[in-house]
Amino acid sequence: MADKRLRIVVAKPGLDGHDRGAKIIARALRDGGFEVIYTGLHQTPEMIVEAVLQEDADAVGLSVLSGAHMTLFPEIMRLLKEKGADDVAVFGGGIIPEDDAAKLKAMGVKEIFTPGASTEDIVKWVRENIHPRQ
Amino acid sequence: MRTREQWFHETYQRSTQRPARFSTVSDMELEPVYGPQDVTSDFDRDIGYPGEYPYTRGVYGSMYRGRLWTMRQFAGFGLAEDTNARFHFLLSQGQDGLSTAFDMPTLMGYDADHQRARGEVGREGVSVTSIHDMARLFDRIPVDKVTTSMTVNCSASILLAMYLVNAEREGVPWERVGGTIQNDMLKEFIAQKEWICPPRPAVRIVTDMIEFCTRKVPRWHPVSISGYHIREAGSTAVQELAFTLADGICYVEEALKRGLDIDDFAPRLSFFFNLHNDFLEEVAKLRAARRIWARLMKERFHAQSDKSMLLRTHAQTAGASLTAQQPINNVVRVAIQALAGVMGGVQSLHTNSMDETLALPTEGAVMVALRTQQIIAEESGVANTIDPLGGSYAVEALTDRMEREALDYIRKIDEMGGMIRAIDAGYPQREIADAAFHYQRQLEDRIKTVVGVNKYTVPEEMPIPTLKIDPALEEKQVQRVRKMKQQRNAARLRESLRRVAEACRSGENLMEPICEAVRCEATVGEISDVFRAEFGVYKDPGWL
Chain A
153 MADKRLRIVV
163 AKPGLDGHDR
173 GAKIIARALR
183 DGGFEVIYTG
193 LHQTPEMIVE
203 AVLQEDADAV
213 GLSVLSGAHM
223 TLFPEIMRLL
233 KEKGADDVAV
243 FGGGIIPEDD
253 AAKLKAMGVK
263 EIFTPGASTE
273 DIVKWVRENI
283 HPRQ
Chain B
2 MRTREQWFHE
12 TYQRSTQRPA
22 RFSTVSDMEL
32 EPVYGPQDVT
42 SDFDRDIGYP
52 GEYPYTRGVY
62 GSMYRGRLWT
72 MRQFAGFGLA
82 EDTNARFHFL
92 LSQGQDGLST
102 AFDMPTLMGY
112 DADHQRARGE
122 VGREGVSVTS
132 IHDMARLFDR
142 IPVDKVTTSM
152 TVNCSASILL
162 AMYLVNAERE
172 GVPWERVGGT
182 IQNDMLKEFI
192 AQKEWICPPR
202 PAVRIVTDMI
212 EFCTRKVPRW
222 HPVSISGYHI
232 REAGSTAVQE
242 LAFTLADGIC
252 YVEEALKRGL
262 DIDDFAPRLS
272 FFFNLHNDFL
282 EEVAKLRAAR
292 RIWARLMKER
302 FHAQSDKSML
312 LRTHAQTAGA
322 SLTAQQPINN
332 VVRVAIQALA
342 GVMGGVQSLH
352 TNSMDETLAL
362 PTEGAVMVAL
372 RTQQIIAEES
382 GVANTIDPLG
392 GSYAVEALTD
402 RMEREALDYI
412 RKIDEMGGMI
422 RAIDAGYPQR
432 EIADAAFHYQ
442 RQLEDRIKTV
452 VGVNKYTVPE
462 EMPIPTLKID
472 PALEEKQVQR
482 VRKMKQQRNA
492 ARLRESLRRV
502 AEACRSGENL
512 MEPICEAVRC
522 EATVGEISDV
532 FRAEFGVYKD
542 PGWL
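These protein sequence lines are chains A and B, in that order.
Just so it is clear: in the first sequence, position 126 is 278 by my numbering, and no numbers are missing.
Just so it is clear: in the second sequence, position 41 is 42 by my numbering, and no numbers are missing.
Think of the hints as simulated: they come from the structure by calculation, not from any bench.
Among the hints, a few may not be true.
Cut-off 27 Å, straight-line C-alpha distance, at most; resulting in silico cross-link-like pairs (DSSO-like, lysine-lysine) [as the list claims (entries may be wrong)]: (1) K235/A to K262/A; (2) K469/B to K257/A; (3) K276/A to K456/B.
This is chain B alone, in the form it adopts within the complex (with noise of 0.2 Å):
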C-alpha cells in the first residue's frame, strides 16, 4: 500500500505550495490530505449509524428526515410589550420556538429602577423586573404549546420561578410547560461572567433547579450546558467542547450527590455550542462531543437508559467572528457557520443577523438570518442525508483528533478536583485568554484572515441601518416598578423573602420558596439581595 508519506514526498512537496500556515481557526496545523491511516476510530465501534450508541452520527435515527432542526431565533429588547411584539412577528414568520434574551440588569439580579441598572434598561435584552413584566412577555403566547427558551444563568431562578407562576396564572399546569432554561453558571464564572455568588452557591442552585425540575417541571430543561461563551471569549474549538463536558460532568456529580437517579435527570440535560467560521473544524467538534458525551455517561455513570446517553444541543453562530467592517459579508459567514451546525446534526438554530456587531438586530436583519435556515433546510439538499461528511477521512480524523485533546482537558481537570476548583485556580479562564490573545495576534501578524478586517479593506464603509432603542424607555419601566413597589402588600412580601433566606440557610430546595416569593410580587433584585446576603457576592479576580 502506498502510504501518505510517500505521496507526501513524492508528489505533494513537488507541488507549488502557497506561503500561508494552513490551521484551523482555532490553530490546530491540519495535514494536506488525510487518508484511512489518519482515522483511528473504528467503524462498529467508533462511528456506527444515527440514532445508536455512541451517537456520533447523531441522536435520532432519522435525524432531519424526522423532524428539521427548530429554528428559533434569540430576541429580546426594550420593554416587555416591545419583545413580546418581536415574538408574534417571528412566529408569524414560520419560527417554531421563542427564544428570549434579559437585559443585563435582569441578567445579573438588578431592578430597573437600580442605580446600577442605569442606560442598561432595555438595551441588551428585555427588562424583566417582576411578574408583571413576565406576564406582559408571553402575552397571547399559548405557554403549552410554544416551547420557550431562556437565556440567564445566576438570575435563573427566579426568571423560571416567574414562568411557572405566569403559566399557572394562565391556567396551564407546570407539568405540560416545556422549554430550557440556560442555567449554566460554571460558565459564567469561565467566560460569560455574569454572577451574583461564588462558584459553590451558584451551583447549588443550578442543582436546586435540575432537582425540581425533575420531580416537579418534567418537560423542562433545567441547564443547558454551554459552550458558546466560551469560545465567545476567544477559546479554542477543543478548549470550547473540553471545558463544555467537564462542567456537565459536575452538575451530573451534584445531582448525584442529592440522591436523583441519572436516568431521572440525565435526559433532560441539554446543549449549547458556538459554530465558528472553521467548517470541518466545527463539524467534527459537534460529532465528537456526541461520542464522549454518550460514553461518560454510560462508563463514567452508569446510564442504563440511551436517553441518558444523548447530547442534544442548540447552537448558534459565532457572534464574536462578524464584522462591523462591511457588515453585509456576515451574511455569508453566518450561511457556512449554520450549514456546520446542520451538518453536524444540531437540534436547533440560531442564526446571528449580519448586524449584530454593531447594535441589537433590525426586524428585515433577523428575517435574513431566519431566512438562511430555511434556504438550508428546504433548498440545499443536506439536510436529505444524515451526517452526510461521516466517513471523510478528514472529518473522521478531526473528530477523532477533537476527542482525544479534548480528554487530554477533562482529564486534566479531574486531576485538579473537578470544575469548581479548576475555576477556583482560575484555569480554564487563563486557558482561554491565552488562546484569544494567540488569536489576536496571529490576525494582527496576517497569518490569519478577516475579510474586510485585516485583507480586503475599503475606505468607506457602506452603513446600514441598525437598531436605535429609545433611552425615554427606561424611564418608563423605572417609574413603572416603581408604582409597583409601592401597591405590594410588604408584609406577605417580607414573610416571602423570609422563607427564601431561610431555604438558602437550611438546604431546603429553593424554587418553592422562590415561586412563592414571585407570587407575592417579589423582584428579580429582591430575591437577588436574599442571596447577595446570605452566600455572598463574587468579584472578578481580572486575571489578564
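Just chain A, same shape as in the assembly (with noise of 0.2 Å):
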C-alpha cells in the first residue's frame, strides 16, 4: 500500500486559542502530499479520539499551548488504547519544556515538536516515521 496516502488529524485540545501553529503544520502537511483534517479549536480529548476514528487516520498531532500537555497527551493516548486504535501515532508540539518532552516520549509519543521547528522538518519527520496503520 505504498502509494496510500496518509492520514493526519492535526487537532487543537484545551481551552485557549493559540491556532496559528496548527494552522501552518496542517497546512504544511496538505502541501506535502498528506491527507490532513483540521479539527478546530478546543476539542476535548474524546472529540479528537473519536475525529481520528471517524476519520480512520493513521497519525494524530496536537498542538498544546496552554501547559495542559501532561494532561491531554496521556488522556488521549489512554482512549486511543480503550478503542483498540493505539497503533496511531501521537506526535505533538507547542510550549512543552523539555523535560515534559522526555516524558512524554517515554509514555509512547512519538514526536514532539517545540518552537522554532521548521514546517519542512515537520514534514520530513512525518514522511519517515509514519506508517500505514494497518
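Could you fit the two chains together into a complex? Lean on the hints.
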C-alpha cells in the first residue's frame, strides 16, 4: 500500500486559542501530500479520538500551548488504547519544556516539536516515521 | 530639483547591494531612501502638532513631558493569593497600574471544578471562579487608587461584575473605580479564539457593557479594541491596524444604535496594539492609527468633543517574536519593540519577559522587562521630545502608506456589510492565516531572519530558569470551589440566574442582573451556562 496517502488529524485540544502553529502545520502537511483533517479549536480528548476513528487516521498531531500537555497527551493515548487504536501514531508540539517532552516520549508519544521547528523538518519527519495503519 | 529616480539610477544602482529582500517584517517592500516627494501628507492637514487634530503626533499636548506612559505588566498565575503577591511585588517596584491575566477556564467561562478545566487551572493565568477569588486577588489593593486592567473577553461581563461587587464591599462606590477590561469579542472571532456564544449575542453583551459603564462606572474603559492578538495570530502590521479599527467602527455603530451619544461613550473607548520587531513600521502604524481614528470619529460619526477623537492605546511587545532559542536575546528584542512603542506615543506599555516563550515569567525576568521601560523612560532621552520621528521622510511615507492600505481594508469590510458579516464569511481569519503562512515560508526560505532560529544558531542551548506551576494548586482550587458551592443559598442563587436568563431574552441590559448573581455567589461557569443556554455555543469553523 505504498501509494496510500497518509491520513493525519491535526488537533487542537484544550481551551486556549493559539491556533497559528496548528494551522501552519496543517497547511504544510497538506502541501506535503498528506490527507489532513484539522479539528478546529477547543477539542476535548474524547472529541479528538472520535475524529481519529471516524477519519480512519494513521496519525494525530496535537498542538498544545496552554501548559496542559501533561494532562491532555496521556488522556488521548489512554482513550486511543481503550478504543483499540493505539497503533495510531501520536506526535505534537507547542510550549512544552524539555523534561516534559522526555516524559511524554517515554509514554509513547512519537515526537514533540518545540518553538522554532520548521515545517520542512516536520513534514520530513512525518514522511519518514509515520506509516499506514494495517 | 534632482529626483529620487535620478539618484536611484545614477548613484544607488552603481553601488553595492546585498542580495536581500528589503522589506518590513510584514513584507512591505521599502525604497532604499525616502525624500519629500514620497510624503503625500500635508503638514498642516495631516501631521500638525501633538494634542491637536488629527493627533498623528500624539493624543496629548505635552505627551511624556506631562506624564510618562503607564508601566503596566500583565500578571496572573496559580491561585488568587499567588497573583495578589505578584501584584504587591510589582507595585513595590514602581509599577503604576495592575493588569490581570486569567487562566483558560476563567477566560472561556468554566469553573475550576469543570471537567474541561482539568490541567488548566492556574496555568496560563490566575483562576477566578467566584467573588471570593476576586476578593483574594485584590486583597489589600486600594481599588479606588490603583487602576486595573483585566484581560478577559467572553466572560468579561462576569469578571467586571465581580470587580465592581468587590469594590462595593470595600466601600468604594462604582463612580470611583477606574480601569480597563479587554472585552473585545470581535477580535476573539478573528484571532484569539476565546468565545462562548456566536458573534451577534457576543457583541450585544459588549454593547451592554459600554452602555452600563457609560451610565454607572464612568471611569471604566469598557472595551479595549485590540490588534495585539490579530498580530500574534500572524497578521501583517496593516492588517492589525485595519481590522482593529474596523472592530472599533462596529462597536461605535452598535452603541449608537442603543441611542447613546457618541461623545458620551467614545472617550472611554481605548485600544491595544502589538509592538513587533520592525521599528519604523511599528512607529508608523501607531501614528497612522491615531490619524485614521480621529478622522473616522469626526467625519463618519460626527463626534463634537475632542476627547472622542483620541486613540489612546496600551501596547505590548510581541510575544510571537520571542524565541525559545538563546532566550536572553529576547531582552534586546523587547527593548527595541518597547522603544518603538514609546516613539510611537503609546499611553501604557507591557514589556514581555525573556522567558515567556517557555513559560509564564519568573519574578527575575519580569524585573528586567520592567527595568527596560524604566531605562527607556529615564535614561534614553527619547521621552524628552514629542513624536521625535515625525518629519522623517521614511516614517511619514510609511505612515501615509499604512493609512492608505488600512483604509482599503476598512472600505472592503464596509462593503461586506461590516465586521460581523466579514467574520461570518471568514474574511479576516483567512487574510491572517495567509499572512502567517507567508511569513513562515519566508523564515524557512531564509528570506527573513530570526537570530538564533534560522541563523546564528548554537548547538547547545544554555537553559534559563522557568516558572513552574505546582500541579497541586489545581486540586486545592477545585476543593475550595466545591465547598463554596455547597455552602450557598441555593434558592437565592437560582433566582438570580433566572433573572440573568430573562435579561438575555428580553434585551434588558445584562450588567445589573449579572452583578446581582455575583452577589449571590454565582460562578463564572454558572453565568456562562446561562449564556450558552440562551444564546447558543459558537464552534470554530476550523478554516485553514
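**Message:** Going through the numbered hints above, which ones does this structure break? Give me the numbers in ascending order.
**Reply:** none
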